[in-house]
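Enquirer: Hey, can you work out the whole structure from these sequences and the hints?
Given next are the chains, with one letter for each unit.
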Amino acid sequence: MATNAIDTWTDSVSTSSQSYEDSVLGLKQRRADALDKFAQVGFPGRKHEEWRYTPLTSIASGPCSALLERSGSLLDRKLLPVDSNGVARIVIDNGEFRDDLSDLSAVGDHVQVQSLASMRREHPEQLSELLARSFPADDHPFHCLSDALLDDGVFIDVAPMSDVDGEVASIHIIHYLDGSRGPGSVHTTGLLRISKGARIRLIEEIHCQGEVLGNIRWGVDLAEGSDVHRIRAFRSGCASIFHGSRVVQQQDSRFEDVFTCAGADLVRNEIHILHEGSGCHAELLGAYVASGTEHIDNHTTIDHKVEDCTSREIYRGVLSGKSRGVFTGMIHVHEGAQRTDAVQSNDTILLSGAAEADSRPRLEIYADDVKCTHGATVGELDEDAIFYLRSRGISFEQARRMLVRAFTSEILIAAGSQVVSDFIVEELQQAIDVAEVASS
Amino acid sequence: MSGKKEKQMLEIKGLHASVEGTEILKGLDLEVGKGEVHAIMGPNGSGKSTLANVLAGREEYQVDSGTVKYNGLDLLELAADERACEGIFMAFQYPVSIPGISNAYFLRSALNALRRYRDESEIDAVDFLDLVRSKMELVGMDQKLLQRAVNDGFSGGEKKRNEILQMAVLEPKLAILDETDSGLDIDALRVVAEGVNVLRREDRTFIIVTHYQRLLDYIVPDRVHVLSGGRIVRSGDKDLALELEKEGYSWLEADDAKAGSGA
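Going line by line, the protein sequences match chains A and B.
Per the working numbering, the first sequence starts with residue 66, numbered consecutively.
Per the working numbering, the second sequence starts with residue 4, numbered consecutively.
A couple of the hints might just be wrong.
As the list claims (entries may be wrong) - Chain A is faced by these chain B residues, among others (derived, beta-carbon under 7 Å):
hint: 1; residue: L79
hint: 2; residue: L81
hint: 3; residue: M93
hint: 4; residue: I101
hint: 5; residue: L117
Stated by the list, open to error - What the simulated footprint calls covered on chain A by chain B, stretch by stretch (three residues with Cβ under 8 Å from a Cβ of chain B suffice, anywhere in the stretch; the number is not a length):
hint: 6; stretch: 117-127
hint: 7; stretch: 442-452
Hints in this document: simulated from the structure, not taken from any laboratory.
All residues carry an ideal CB built from backbone N, CA and C; glycine is no exception.
Expert: Below is the structure:
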C-alpha cells in the first residue's frame with residue numbers, strides 16, 4: 066500500500082519533472098539528481114529521526130502528487146492589513162508569480178524583483194549559481210521536490226538604500242494555494258539576497274483552499290551588516306504546508322523571523338540559520354494554534370560557526386482538541402565559536418487533555434566560553450493569574466481568553482506593525498474560540 | 004429600615020475551612036459593620052491568609068461548614084468574579100504579574116465586567132482614560148505604568164500601588180487587604196495605608212489582615228481582632244493593637260494550651 070502510494074508520487078513527480086526544459090546544464094543536472102534522490106528516499110516515516118514526530122505517510126498516501134492547476138481567478142480572502150502605501154506586493158498563485166497582480170512600484174530601484182520563471186528563460190546561468198549557493202544538495206524530501214519540480218518563484222535582490230529611497234523597503238508576499246478544482250501540490254522557491262548594509266522587511270502570508278500541499282522554500286543570503294525582518298502568517302484553514310528557510314548570515318547581520326499559524330492540517334516549519342561571520346544575531350519567534358487533529362511541527366537549527374554571535378528563539382503554541390505540537394530546536398555551537406549567546410524556549414498551553422506537545426531542545430556545544438539556555442514548558446493556564454483576573458470581576462471564560470491572548474500576543478510584539486500584530490492575534494484567538502466551542 | 008441589620012456588611016458564623024485537607028479555620032465568628040475598618044491580627048499560621056482568601060473566593064480553600072452573609076447575600080454561593088461584581092475586592096499580598104496584558108486593558112476589562120453585571124453600559128476608551136488618570140493621580144501612581152504589562156517588572160511598592168489603583172477604579176463596598184507576610188517592606192506598607200486612607204468612605208468597609216501592628220501606625224481601625232488557632236480569640240478597639248505590639252502573641256500559646264487540655 067505504502068509502496069504503491071510512493072510509486073504514484075514518484076511517477077507523477079517524474080512525469081512533471083521531465084516536462085520542464087532547462088537551457089543550461091546546471092539546472093538540468095540539478096533537476097535530474099533531485100528526481101533520482103526523491104525516488105530513493107520518498108517520504109520518510111516514523112523511523113527517520115528527523116521525522117519521528119511528523120511522519121509523512123499521510124502525504125505519501127494523500128492525493129496531492131499532481132501539480133496544482135494554474136488557477137486564473139484568485140481566492141477571495143481577507144489579507145493582512147498591510148499598509149499599501151510604500152509596501153510592494155507579490156502574488157504567487159498556485160505557484161505562478163503573477164506579474165499582473167503584483168505591484169513593485171513601491172520599492173525603490175535598489176530592490177530588484179524577478180520571477181524564477183523569467184530567470185529560467187533569461188538568466189538560467191545566474192539562477193543555477195544562486196540555487197547551488199543557497200541550497201546545497203541533500204536528501205531532504207521537500208528540497209528534492211523543489212529541485213525536481215523547479216518552475217516558478219521569486220528572486221529578490223536588495224542593494225543598500227540611497228538617501229532618496231526613504232523608508233526601509235517592505236514587500237508583502239501572498240501565496241494562494243487553491244485546490245478547489247482538484248487536489249495537488251505547489252513547489253515554490255524564493256531567493257533573497259541582501260547586499261552589504263542593506264535592509265528589507267517581508268510580510269509573507271499563505272492561504273489555502275481544498276486539499277493542497279504547499280512546498281515553499283527560501284534561500285536567504287545576508288551580506289555583512291544587512292538586516293532582514295520577516296513575518297510569516299499561515300492564515301486560518303491552511304492544508305499541508307512545508308515551509309523551509311536556509312539563512313546564511315555574514316558578519317554583523319541580523320535576521321528576524323516571526324512565524325504565526327492560525328491552524329493547518331499539517332505544518333512543517335523549518336529554519337536553518339548559519340552564522341558565518343561574527344557579530345550576527347538571529348531572532349526566531351513563533352506563535353501557533355492548533356485544534357482538531359491539526360499538527361504543527363517547528364524544526365529549527367542554528368549553527369553558530371564563529372565567535373560573538375547571538376540567537377534568541379521563542380516558540381509558543383496553544384493546542385486544543387486532539388492536536389499536536391512538535392518543536393525541535395537544535396543549537397550547534399561549533400569549535401571556536403566563543404562568546405556565543407543563545408537563548409531558546411518553547412512553551413505550550415494545552416487546552417484539552419487529548420492534545421499533545423513534544424518539545425525537543427538540543428544543544429551541541431564545542432566551545433567553552435558560551436552562554437546557552439533552553440527551556441520548555443507544557444501546561445495549562447496559570448491558575449494564580451486566572452484567580453487574579455476573576456477577583457477583579459472578570460469571568461472565568463474571559464480570564465482564559467485574556468491569558469491565551471496574552472501568551473500569543475507577546476510574540477507578535479515583534480511583528481513591527483501594531484495593526485498587523487493585532488490582526489494576527491485576533492485571528493489566532495478566533496481559531497481557539499471556534500475550536501473550544503466545537504469541542505464542548 | 005433601621006437597626007443592626009441595615010448597618011451590617013459582613014457576618015461570619017462558625018466558619019470552618021481547610022486547605023489540602025488540613026483544617027485552618029475552626030469555627031470563626033466575625034461581624035463587620037458598614038463603613039468600618041477592622042484589623043485582623045494574629046501569629047503566623049493562625050489562619051489570617053486563609054480567611055482573606057476564603058472571602059475572596061479562592062477555590063483551593065475549601066469551606067467545610069459555617070455561613071458568610073455579605074449585604075444579605077450568601078457569599079459562599081458566589082464565584083470569585085461574582086463576588087467582585089457584588090463589590091468585594093481583595094488587595095493581594097503578592098500581586099500576580101501577567102505578561103502580555105497591559106494594565107490599562109486589564110483595568111478596563113475589570114471595570115466593564117462590573118458595569119455589565121450592574122446592567123450599565125461599558126465605558127469607552129476615552130472616558131476610561133480620563134477616569135483612570137484621575138485615579139492614578141489620587142493614589143500617586145506613575146502614569147507610565149498604565150501601558151506596562153500587569154505588575155510585570157514592577158517594584159514591590161509599584162505592585163502595591165497598582166492594587167490600590169485597582170481599588171480606586173473598581174470602588175468596592177468591601178475591601179480586604181491581605182498583608183499577612185511579616186517580610187513586607189515599610190514603604191510598601193505605607194503605600195497601602197495611604198491608599199486606604201484616601202479611599203476610606205462612610206459606605207466602604209475595610210478588613211485589614213496583618214501580622215504586625217506597624218501597618219496600624221498609619222491606619223486607625225475601628226475594631227481589632229486577634230485570630231489564633233483558626234478562631235477570633237479577642238476583639239477590642241485600636242488599643243488592642245498597641246497592646247499586642249508590646250506583649251506579642253506569646254500569651255495566646257498559653258491560652259491555647261489551656262484550651263487544649265480542657266477539651
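Enquirer: Minimum Cβ distance from L81 (chain B) to chain A below 7 Å?
Expert: 11 Å, violated
Enquirer: Using C-beta distances, would you say chain B covers the stretch 442-452 of chain A, given that this needs three or more residues below 8 Å?
Expert: holds (count 4)
Enquirer: Classify the hint on L79 (chain B) as holds or violated, based on whether any CB of chain A lies nearer than 7 Å to its CB.
Expert: With a minimum Cβ separation of about 16 Å from chain A (threshold 7 Å), the hint on L79 (chain B) is violated.
Enquirer: Hint check: is the beta carbon of I101 (chain B) less than 7 Å from a beta carbon of chain A?
Expert: With Cβ-Cβ at 5 Å, under 7 Å, it holds.
Enquirer: Does the CB of M93 (chain B) sit less than 7 Å away from some CB of chain A?
Expert: 6 Å, holds
Enquirer: Report holds or violated for the interface hint on L117 (chain B), using the least CB-CB distance to chain A and a cut-off of 7 Å.
Expert: The hint holds - L117 (chain B) has a Cβ within 7 Å of chain A, the shortest such distance being about 5 Å.
Enquirer: So is the stretch 117-127 of chain A in contact with chain B by the C-beta rule, three or more residues under 8 Å, or is the coverage claim wrong?
Expert: violated (count 0)
Consistency with the previously given hints fails for numbers 1, 2 and 6, ordered from lowest to highest.
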